[in-house]
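With the hints as extra help, turn the sequences into a complete structure.
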Amino acid sequence: MRITHVRSLASQSSTAAIWPSSAASGASRSCCHMVASFPLRTTSTAPTKRRILARNYATQHQSTTSSSSSSSSSASARRRSVTPFNDDGGVPWTELSGREKTARAAQQTFNLGMVIVGVVLTGGVCYFLYTEVFSPSSKVSNFNRAVDRIRSDHRVTDLLGDGRKITAHGEETSNKWRRARPIASTERTDAQGTEHFVMHFHLDGPRANGQAYLHLTRRRGQSDFSYQYFYVDVPGHDRIYLEKSGGDAPGDKRGTLFGIKWS
Numbered sequence: 001m002r003i004t005h006v007r008s009l010a011s012q013s014s015t016a017a018i019w020p021s022s023a024a025s026g027a028s029r030s031c032c033h034m035v036a037s038f039p040l041r042t043t044s045t046a047p048t049k050r051r052i053l054a055r056n057y058a059t060q061h062q063s064t065t066s067s068s069s070s071s072s073s074s075a076s077a078r079r080r081s082v083t084p085f086n087d088d089g090g091v092p093w094t095e096l097s098g099r100e101k102t103a104r105a106a107q108q109t110f111n112l113g114m115v116i117v118g119v120v121l122t123g124g125v126c127y128f129l130y131t132e133v134f135s136p137s138s139k140v141s142n143f144n145r146a147v148d149r150i151r152s153d154h155r156v157t158d159l160l161g162d163g164r165k166i167t168a169h170g171e172e173t174s175n176k177w178r179r180a181r182p183i184a185s186t187e188r189t190d191a192q193g194t195e196h197f198v199m200h201f202h203l204d205g206p207r208a209n210g211q212a213y214l215h216l217t218r219r220r221g222q223s224d225f226s227y228q229y230f231y232v233d234v235p236g237h238d239r240i241y242l243e244k245s246g247g248d249a250p251g252d253k254r255g256t257l258f259g260i261k262w263s
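The sequence shown begins at 1 in the UniProt record's numbering and counts up by one.
Note that these hints are calculated values from the structure, not bench results. We treat Cβ as the ideally placed atom computed from N, Cα and C, and that holds for glycine. Take the hints with a grain of salt, since some may be wrong.
What the hints assert, rightly or not - Simulated pairs of lysine to aspartate or glutamate, EDC-like, Cα-Cα distance not exceeding 20 Å: (1) 244 with 153; (2) 165 with 233; (3) 244 with 224; (4) 139 with 172; (5) 101 with 87; (6) 139 with 190; (7) 244 with 233; (8) 165 with 148.
As the list claims (entries may be wrong) - Quick list of simulated restraints, FRET-style, between CB atoms: (9) 194 with 101: 51 to 61 Å; (10) 110 with 171: 25 to 35 Å; (11) 110 with 222: 38 to 48 Å; (12) 113 with 171: 39 to 49 Å; (13) 164 with 231: 19 to 29 Å; (14) 78 with 131: 21 to 31 Å.
Below is the structure:
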């Protein structure tokens, strides 16, 4: 009886000794199974995660696009109305209303008109400067040539003094500035179409003073003026003629210089 009880205890102890090892091996197999199955579950969930990320990106992009479009539409709704006085061309033509297109067209028409007026005025100023100053037959050119001839004529310099010190000016005025003395001159065209240019001015020299007179004519069809007379009067002395003509024939072959016929 005692021997049988001891055997049963031994068998139980052996069984108990074997069970922990079996449990340990089972636990190790379970752990190995879990470790081996973990990558499989990760691989199977990767496409799902990518789809979720793509869905989130699409949602964010759509929300960003909608917000930008709404902001642009709100900005266009908030823009200032275009008028002829504040239009700077920043708003495209396609975004303008009918009234705003009319305002822009009116502004551009006005600007074009101002450009045309500026071109016309510039052309008028250039024409005036050429005909009155730079043209060989202008009043200024005739005056300068006459003064140069007076300064170089020894008969005049004998009476007035050194030619380099002889000054010429227009009519006396209350203004003390010499530049404000206008040159007296007249221009007219007679019944035959002949142009007449008459001028006189004052001369001041170191020794005496005098006056100069000249008369130029240009017949119809001619391109050059010719002298009818050009003389200098000095008080107390005889008249000094620099040019004198009784009238040139149409076919006169005198030499010309600066558009003037010289005898």
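Handout entry: Structure versus earlier hints - violations, ascending order
Key = Numbers 10, 14 - these are the hints that the structure violates, sorted from lowest upward.
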